[in-house]
Amino acid sequence: MTTTAPDLRTGTTGTTRRVRGPKDRARDRGAVSPADWRRPGVRLGLGGSHLALLALLVVAGLGPMLMLARFAVTPTSDILMTPMAVFPNGVAWDNLDQAWNRVHIDRYFANTVLLACGSWLVQVVVATTGGYVLSVLRPAYGRALQWLVLATMFVPSVVLLVPLYLVILHPPLLGQSLLNSFWAVWLPSGASAFNVLLVTRFFDSLPREVFEAARVDGAGNVQLFTRVVLPMSRPIIGVVSVFAIIASWKDFLWPLLVLRRPEIQPLSVRLPAIAGTTDLGVLMAALAIATLIPVALFLVFQNMFLNGAGLSGAVKG
Amino acid sequence: MTTTIAPDVAPASQAEPVTASRSRSLTRWVRGGGISTLVFALPMLVIFGVFSWLPILNSVVMSFQKTNLVAAPKWVGWANFAYVLNDPLLPTAIANTLWFAVLALVIGYPLPLVVAVLMSEARRFRGLYSALAYLPVVVPPVVSVLLWKFFYDAGPTGVFNTILGWVGLGPFPWIQDADWAMPSLVLAATWAGAGGTIIIYLAALTSVPAELYEAAEIDGAGLWHKIWHVTLPQLRGVLFITLILQVIATAQVFLEPYLFTNGGPADATLTILLLIYNYAFANSLGGNYGAATALSLMLAIVLAILSIVYFRLTRSWSDS
Numbered sequence: 001m002t003t004t005a006p007d008l009r010t011g012t013t014g015t016t017r018r019v020r021g022p023k024d025r026a027r028d029r030g031a032v033s034p035a036d037w038r039r040p041g042v043r044l045g046l047g048g049s050h051l052a053l054l055a056l057l058v059v060a061g062l063g064p065m066l067m068l069a070r071f072a073v074t075p076t077s078d079i080l081m082t083p084m085a086v087f088p089n090g091v092a093w094d095n096l097d098q099a100w101n102r103v104h105i106d107r108y109f110a111n112t113v114l115l116a117c118g119s120w121l122v123q124v125v126v127a128t129t130g131g132y133v134l135s136v137l138r139p140a141y142g143r144a145l146q147w148l149v150l151a152t153m154f155v156p157s158v159v160l161l162v163p164l165y166l167v168i169l170h171p172p173l174l175g176q177s178l179l180n181s182f183w184a185v186w187l188p189s190g191a192s193a194f195n196v197l198l199v200t201r202f203f204d205s206l207p208r209e210v211f212e213a214a215r216v217d218g219a220g221n222v223q224l225f226t227r228v229v230l231p232m233s234r235p236i237i238g239v240v241s242v243f244a245i246i247a248s249w250k251d252f253l254w255p256l257l258v259l260r261r262p263e264i265q266p267l268s269v270r271l272p273a274i275a276g277t278t279d280l281g282v283l284m285a286a287l288a289i290a291t292l293i294p295v296a297l298f299l300v301f302q303n304m305f306l307n308g309a310g311l312s313g314a315v316k317g
Numbered sequence: 001m002t003t004t005i006a007p008d009v010a011p012a013s014q015a016e017p018v019t020a021s022r023s024r025s026l027t028r029w030v031r032g033g034g035i036s037t038l039v040f041a042l043p044m045l046v047i048f049g050v051f052s053w054l055p056i057l058n059s060v061v062m063s064f065q066k067t068n069l070v071a072a073p074k075w076v077g078w079a080n081f082a083y084v085l086n087d088p089l090l091p092t093a094i095a096n097t098l099w100f101a102v103l104a105l106v107i108g109y110p111l112p113l114v115v116a117v118l119m120s121e122a123r124r125f126r127g128l129y130s131a132l133a134y135l136p137v138v139v140p141p142v143v144s145v146l147l148w149k150f151f152y153d154a155g156p157t158g159v160f161n162t163i164l165g166w167v168g169l170g171p172f173p174w175i176q177d178a179d180w181a182m183p184s185l186v187l188a189a190t191w192a193g194a195g196g197t198i199i200i201y202l203a204a205l206t207s208v209p210a211e212l213y214e215a216a217e218i219d220g221a222g223l224w225h226k227i228w229h230v231t232l233p234q235l236r237g238v239l240f241i242t243l244i245l246q247v248i249a250t251a252q253v254f255l256e257p258y259l260f261t262n263g264g265p266a267d268a269t270l271t272i273l274l275l276i277y278n279y280a281f282a283n284s285l286g287g288n289y290g291a292a293t294a295l296s297l298m299l300a301i302v303l304a305i306l307s308i309v310y311f312r313l314t315r316s317w318s319d320s
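Residue numbers (this note's numbering), protein chains in the order written: chain A, 1 to 317; chain B, 1 to 320.
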C-alpha cells in the first residue's frame, strides 16, 4: 500500500493504463479461419467484397464531404448548372471570404465555439463531481441519488421540451428569464445521466487500494478528488469532452428555442435561416466552415471517438 | 424519597446522552467529510434538479393546465388530451412517424450489420474502414440536411438526378413529391446515423470468442454456417439494443422533417414531434403548451415502456 502512493505522485500512467479495461485487445481471428483464408475461392470472394466495401465507404462516407469542399469554392452558376463537373469555369475562393465576412459566419462561428466550451465545462464538472460522489464517497443518500439520476434516462427528451422551455423563461429563485442567454444552453446540457453513468462506472473500476492509501496519507475528500481521482480519469474525461463538444456543435432544436436573437445564435440555427436568401456558393462555403471543426476533432481524436462510441454501446448495453 | 427522585433523574440522564450523541453524530458527519461530500454532490443536485427533475414533474402538471405565460395557469382536467386526440392531424402524424420508423428499419437496420460483419473480417485497413464509416456521424446534422437538400434538387441538373441520369434513370422528384419525400428523408437520416451503429457492432464483434468459431469448424461448419450459428446468436443482445434505440430515436424524429420539408408536401412528413413543436412554438402569439405537453407525455409513456423493456433485457445481457 505504501508503495502505490508514491507511484501515484510520480506518474500515474502505469495505473491509468492498467485501469483502462480489457476491451482494448484485438481479436486475432474472425468467422473466417486462417485455413479458409488460404482457399482461393474465399480469398477472392472476400477480397472482392472488401474492395466493394471500401469503394462504398469512400463514396458514401467521404464523397459528400468532398463534394461540399468542392462546392465551397465553385461559382454558384456552375454548382447549379453542372454540379458534377469539377471546376469547369475556375475556382471561386471568394465564396469563403463572402461567407466569413459578409454573411457573418465569423460571429456565428464564435457563438458556436462559446456554446460548446461552456457546455463542455458544465458537463465535465457535473459528471466528474457526481461520479465521485456516487462511486467513491458513497454517502447514505447516494443510492437514492443514483436512482434519481438513472431514472432520467428512461424519460425521452421530448417530454422535457416544453417544460424545460418554461423553466428557462421562469427559472426558480433567479427571478430573471434566461431566454437569449448562453446559460440557457450551458446549464441544461449538464443534466446528462449518460455522462454521470459513464464516469461512475469508470470510477468504480479504479482500484480501491489507491484511495485507501491516499486516505492513510491524510488526503481529505477534496485532495482525493484533485490529486488522485482526476489524474487517473483522463481517459474518461477525454471521452466525455469529445462527445460534449460534438453534441453541442450538432445541437439544433434547443438553441433554436432559447436563443431567439440572431446575433447570439450558433451556426446550426443560423445556417437554415440564411439558406433561402444566400447565394448558393456562399452557403456551401458556410456549410463547409461549419463542418471543419467537428471533422478536424474527429481526425485528431479518432481512437477516442471510435473506442468511445463502442464504449457507449457497451454502457448502454 | 429515592422512589420520587429516581423518575426525575432518569429522564434527565436519558435526555442528555441523546442530544449529546446527536450533536456528536453531527460532528462526526462533518469530520467525516459530510459537508464536502454535499458540496461535491451540489452541481449534480442543482443541474438535475432544475433542468431535469423539475421539468419532468412539471410536464405531468402542465398537461392538465392551460398556460399562456401571462395569467396564472388554469386547471382544465383532461381537456388538453381531448384536444390532441380530436386533432385531425394526429392520425396523420402517427402514421407518418410509423412510416418513417418502418422505412428506417428496412433501409437502415440491416445495412450497419452487414457492413460491420464484413469489416470485422478485414485483415488490413480496419482503422480506415471505421473512420470512413463514422465520418458522416460527426458532420453537424444541419449541415448534412442542407447539403442533401441540394443533392435532392428535383430538376434534371440536381446532383442525384445527374448521377442517376448517367445510367438512364430519372429525373426523380425526391422531397418535392408526397410519396417520395419520406423515403428521401430516411435515406439521408440513415447516411447520417449508420456509422454509430456500425461502431457498436464492431465492438460487439470483437468480443465473440474465437473458440466458438474453432469449435464450429471442428463440427465441419462452413462460412455461412459460422455467421448464422455463431456470429448472429452472439450479437443477439446488441442487435436487440440497437433495434430498441432506433425505434425510440425514430419515434422522436424532428430535424429531418423540419428542415427538409417542414412537414410537407401536403403533411406527408408531419411527424409527432413536429406536431408537438407546432402546438407549442409555431404560433408567434403564444403556444398551446398544454396540448404540446399532453402529446409529449403520451408519446413518452409509450417510449418509456419500450426503454424499460430494453433496460431489463440489457441488464440480463450484460450480466451474462
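Keep in mind the hints are simulated off the structure, nothing from the lab. Note that the coordinates shown come from a computational prediction; the quantities given were computed from them, not determined experimentally. All residues carry an ideal CB built from backbone N, CA and C; glycine is no exception. Among the hints, a few may not be true.
According to the in silico footprint, chain A covers these stretches of chain B (three or more CB under 8 angstroms from chain A) [stated by the list, open to error]:
1. 49 to 62
2. 75 to 88
3. 295 to 301
Partner residues are not named here, just some residues of chain A that face chain B (Cβ under 10 angstroms, in silico) [claimed, not checked]:
4. A35
5. V73
6. V91
7. I264
8. Q302
Distance ranges between label pairs, derived from CB positions [what the hints assert, rightly or not]:
9. A:N89 to B:G222: 55 to 61 angstroms
10. A:I237 to B:V302: 32 to 38 angstroms
11. A:W147 to B:W166: 42 to 48 angstroms
12. A:G41 to B:L212: 19 to 25 angstroms
13. B:L38 to A:W37: 55 to 61 angstroms
14. B:V302 to A:W147: 20 to 26 angstroms
15. B:L212 to A:I237: 33 to 39 angstroms
Hints, one by one, checked against the model:
no., hint, in the structure
1, 49 to 62, "holds (count 10)"
2, 75 to 88, "violated (count 0)"
3, 295 to 301, "holds (count 4)"
4, A35, "holds (8 angstroms)"
5, V73, "violated (15 angstroms)"
6, V91, "violated (19 angstroms)"
7, I264, "violated (17 angstroms)"
8, Q302, "holds (6 angstroms)"
9, A:N89 to B:G222: 55 to 61 angstroms, "holds (56 angstroms)"
10, A:I237 to B:V302: 32 to 38 angstroms, "holds (36 angstroms)"
11, A:W147 to B:W166: 42 to 48 angstroms, "violated (58 angstroms)"
12, A:G41 to B:L212: 19 to 25 angstroms, "holds (23 angstroms)"
13, B:L38 to A:W37: 55 to 61 angstroms, "holds (60 angstroms)"
14, B:V302 to A:W147: 20 to 26 angstroms, "holds (23 angstroms)"
15, B:L212 to A:I237: 33 to 39 angstroms, "holds (36 angstroms)"
The structure is inconsistent with the numbered hints 2, 5, 6, 7 and 11, although it conforms to all the rest.
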